[in-house]
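Novice: With the hints as a guide, bring the two chains together.
If you read the protein sequences in the order shown, they are chains Z and U.
Take any residue in the first sequence, count from 1 to its spot, add 105: that is its number in our numbering.
Take any residue in the second sequence, count from 1 to its spot, add 107: that is its number in our numbering.
Please note: incorrect hints may appear among the correct ones.
Some chain U residues near chain Z, calculated using beta-carbon distances under 7 Å [claimed, not checked]:
hint: 1; residue: 150
hint: 2; residue: 151
hint: 3; residue: 152
hint: 4; residue: 154
hint: 5; residue: 157
hint: 6; residue: 160
hint: 7; residue: 210
hint: 8; residue: 213
Pair ranges (Cβ atoms, derived) [what the hints assert, rightly or not]:
hint: 9; chain 1: U; residue 1: 119; chain 2: Z; residue 2: 158; range: 42 to 50 Å
hint: 10; chain 1: Z; residue 1: 191; chain 2: U; residue 2: 171; range: 29 to 37 Å
hint: 11; chain 1: U; residue 1: 121; chain 2: Z; residue 2: 182; range: 40 to 48 Å
hint: 12; chain 1: U; residue 1: 171; chain 2: Z; residue 2: 189; range: 34 to 42 Å
hint: 13; chain 1: Z; residue 1: 113; chain 2: U; residue 2: 188; range: 32 to 40 Å
hint: 14; chain 1: U; residue 1: 218; chain 2: Z; residue 2: 168; range: 26 to 34 Å
hint: 15; chain 1: U; residue 1: 164; chain 2: Z; residue 2: 122; range: 48 to 56 Å
hint: 16; chain 1: Z; residue 1: 143; chain 2: U; residue 2: 190; range: 24 to 32 Å
It should be emphasised that the hints constitute simulated quantities derived from the structure, not laboratory data.
Every residue, glycine too, gets a C-beta built ideally from N, C-alpha and C.
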Amino acid sequence: EAGVTQSPTHLIKTRGQQATLRCSPISGHTSVYWYQQALGLGLQFLLWYDEGEERNRGNFPPRFSGRQFPNYSSELNVNALELEDSALYLCASSNKGYREYTEAFFGQGTRLTVV
Amino acid sequence: AQKVTQAQTEISVVEKEDVTLDCVYETRDTTYYLFWYKQPPSGELVFLIRRNSFDEQNEISGRYSWNFQKSTSSFNFTITASQVVDSAVYFCALAQRDTGRRALTFGSGTRLQVQP
Numbered sequence: 106e107a108g109v110t111q112s113p114t115h116l117i118k119t120r121g122q123q124a125t126l127r128c129s130p131i132s133g134h135t136s137v138y139w140y141q142q143a144l145g146l147g148l149q150f151l152l153w154y155d156e157g158e159e160r161n162r163g164n165f166p167p168r169f170s171g172r173q174f175p176n177y178s179s180e181l182n183v184n185a186l187e188l189e190d191s192a193l194y195l196c197a198s199s200n201k202g203y204r205e206y207t208e209a210f211f212g213q214g215t216r217l218t219v220v
Numbered sequence: 108a109q110k111v112t113q114a115q116t117e118i119s120v121v122e123k124e125d126v127t128l129d130c131v132y133e134t135r136d137t138t139y140y141l142f143w144y145k146q147p148p149s150g151e152l153v154f155l156i157r158r159n160s161f162d163e164q165n166e167i168s169g170r171y172s173w174n175f176q177k178s179t180s181s182f183n184f185t186i187t188a189s190q191v192v193d194s195a196v197y198f199c200a201l202a203q204r205d206t207g208r209r210a211l212t213f214g215s216g217t218r219l220q221v222q223p
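Chain U extracted, bound-state conformation (with noise of 0.2 Å):
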């Protein structure tokens, strides 16, 4: 079975600190595919990244980063100089190459509070 861990529930940060998301997760596959989505208050999830399994260089976007370790089944999304724009609940998620477990299987969330 497959599995994503996001232990954090809720964190509340002043605006222009910087923040880490955890995401860890579980699978038997040696092929899959990792995803951070963006869910503001409007309810639409924004995608952000995907991350192959065979592909652990680490990725720079502006303000994110993205730092993939497959030795600890570990996708950490990382936001430099957070702003108030950045609030909203954020999902890591999983998926299989295998077309019977193509869904994505998401995490619970972390809802990020950043303070002007």
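This is chain Z alone, in the form it adopts within the complex (with noise of 0.2 Å):
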């Protein structure tokens, strides 16, 4: 079974641009989260999706938005780039999400680069 997968591995975008990066979960999850893994921050949550509903967002700026679509997949979009988003950026997913706890499975994640 094919685990969680992030594209694309490596994003170089220029300050004020926008990335958009992409995830799809294990088949049969219906629930996607998307961390920042930036230098000397650690791992801090982004956004939640499930069953195509937005659950939850973290302490991050409305240019950080995305979507899940009918397949369960999602996107991540960071508009207006700032030098200070270059991060890992991973995405996991997990089977029950909203009705019920489980825990949840990262892809290898998307290291943007910001210049």
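Specialist: Here is the structure:
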């Protein structure tokens, strides 16, 4: 069974541009979480989608947004990129999510570099 | 607010030594979940274990064991007879049952270096 897959693996953007990161959850999983791992800031929660709805978001500005598609895949959009957005973006999926809690499994991440 | 503290930033051991990674958490909820994840250099977070707040039974899985003590709000992780492949950053994390706080709160991680 395939794990959580993220694309692209690496992304280089210029300050002010927009970045789109994609995530395909494990088959059967309906919940997708996005986390940012920036140097010196640790792992921080960004967004949680379950069954197509945004359920919760972390303490990030509105230029971080996303959506979940009917097949439960998800994309994260970062607008007006800033240098400090450079980080590893990790996506995770779980198979229940909103109705009951189960552990999340992570993808390999997308390393975003803003120059 | 919830918080996870991993006081050990980096630990270095020689192969075959036992090593314990400490994790202390804070939460006001009575129902919560604790996790350990491993992050090798490749970057992917590998799930190791989940423990529910109402289950204080300790667990052993091969060379790995976990000691959950609610009285001291600790969830420590021990690797017995460490191996070079255990070298990674290990994260302890906490999640609440409340759907508004379902996302993981991570500790800052402990980098484990196992020398041959």
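Novice: Are the hints correct? Go through all of them and say.
Specialist: Against the structure, the hints come out as follows:
1. 150: OK, holds: residue 150 of chain U within 7 Å of chain Z, min 5 Å.
2. 151: With a minimum Cβ separation of about 4 Å from chain Z (threshold 7 Å), the hint on residue 151 of chain U holds.
3. 152: 4 Å, holds
4. 154: Holds: closest Cβ of chain Z sits about 6 Å from residue 154 of chain U, inside 7 Å.
5. 157: Because about 5 Å separates residue 157 of chain U from the closest Cβ in chain Z, which is inside the 7 Å limit, the hint holds.
6. 160: Since the shortest Cβ distance to chain Z is 11 Å, the answer is violated.
7. 210: Interface hint status for residue 210 of chain U: holds (4 Å vs cutoff 7 Å).
8. 213: This interface hint holds because 4 Å falls under the 7 Å limit.
9. U/119 to Z/158: 42 to 50 Å: 45 Å, holds
10. Z/191 to U/171: 29 to 37 Å: 33 Å, holds
11. U/121 to Z/182: 40 to 48 Å: 47 Å, holds
12. U/171 to Z/189: 34 to 42 Å: Between residue 171 of chain U and residue 189 of chain Z, where Cβ atoms are some 36 Å apart, the hint holds.
13. Z/113 to U/188: 32 to 40 Å: Given about 39 Å between the Cβ atoms, the range holds.
14. U/218 to Z/168: 26 to 34 Å: 32 Å, holds
15. U/164 to Z/122: 48 to 56 Å: Given a distance of about 51 Å, which is inside 48 to 56 Å, the answer is holds.
16. Z/143 to U/190: 24 to 32 Å: Roughly 30 Å apart at Cβ, these two residues keep to the hinted range, so it holds.
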